[in-house]
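Taken in order, these protein sequences are the chains called P and U.
Using numbering that gives the first Met the number 0, you'd call the opening residue of the first sequence number 0 and step up by one each time.
Using numbering that gives the first Met the number 0, you'd call the opening residue of the second sequence number 0 and step up by one each time.
Careful: at least some of the hints might be erroneous.
[Said to hold, decoys possible] In silico DSBU-like cross-links for lysine-lysine, where the CA-CA straight-line distance does not exceed 30 angstroms: (1) 185(U) to 196(U); (2) 99(P) to 87(P); (3) 99(P) to 88(P); (4) 87(P) to 20(U); (5) 89(U) to 87(P); (6) 89(U) to 88(P); (7) 99(P) to 89(U); (8) 196(U) to 186(U); (9) 173(U) to 185(U); (10) 88(P) to 173(U).
Simulated from the structure, these hints should not be mistaken for lab results.
This is what each chain is made of:
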Amino acid sequence: MIPISYYLILSTIIFTLSIAGIFINRKNILVLLMSLELMFLSVNFNLITLGNYLGDLTGQVFVFFVLTVVAAESAIGLALLIVLFRNKKSIDVDDLSELKG
Amino acid sequence: MNIELITFIIFSSLLIFTSIKVITSSNPVLSAINLVFSFFLSAVLWLLLGAEFLSIILILVYVGAVMVLFLFVVMMLDINIAKKNAAYIKYLPLGIGIFIVFNILIILFFINTFENINYNAISSINIISESNTENLGFVLFTDYILEFEIAGLILLLGILSAIILTYRKNPNNKYQDPARQIDVRKKDRLKVIKGLKE
């Protein structure tokens, strides 16, 4: 039996790595979306781990719903990204500042 | 050191390594492929946790659909591969600092919290058989049926918004408009010219 803390620490490490990825990859929205996927993965890890150790199946049901929401989210995000690239020829976060002020 | 712990250590260290590769590689294609690897590794770890259905779903849906979508977008966009530019160097210390600080805080919290947990507190509420898939389906179609249908609506919303956002009408396309075809009258097309004999 693996202690529950190991899984939680693993998911914490992945989550903080994806936060660091969001900070590092300012030039590329695509990699930023991938960091978001990693973040969802670590959250799913937490839900499955705690559901397994509490003997409750609700955690896995929630992971199921998170998976569907993430699939819709990544489809919409990538569509927005394509529209953005069509209009601005760039996917840099710094090029998005359109408001004057 | 039992076999379960050895498996966990190998796959989790590989998972951390591929996650680091996802956020640090300069080529988005390499990032996407490393993300695929990390999904595979976490599917193995979910198998260890007893979530067989979700680990298969992770491979089929995530690697099969979402990551292929990512790869398609990477190939559609004509991105010049970004160099390790000034912004990367500028934000790298901030990223590493946030990584270390958050890790220390959360791991210190986790390390002693779950020592005395009562594993059987609410165990075996929804268990109807030995199979994980059967149990999950039972819970999903009875207690969470409304949420299940809402999830279907969310997927429909994803399809619709992705199509509406990226669709653009090409003015060069030749296409038929049935309404206008039906609407044609005789006097629009036929012009009787009189007095042509002269």
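Status of each hint after checking the structure:
1. 185(U) to 196(U): 24 angstroms, holds
2. 99(P) to 87(P): Given that 30 angstroms is the threshold and the Cα spacing comes to 17 angstroms, the pair holds.
3. 99(P) to 88(P): 20 angstroms, holds
4. 87(P) to 20(U): 28 angstroms, holds
5. 89(U) to 87(P): 24 angstroms, holds
6. 89(U) to 88(P): 24 angstroms, holds
7. 99(P) to 89(U): 25 angstroms, holds
8. 196(U) to 186(U): Holds, because 22 angstroms separates the two Cα atoms, which is no more than 30 angstroms.
9. 173(U) to 185(U): Measuring from Cα to Cα gives roughly 24 angstroms; hence the hint holds.
10. 88(P) to 173(U): The given pair, whose Cα atoms are some 28 angstroms apart, holds under the 30 angstroms limit.
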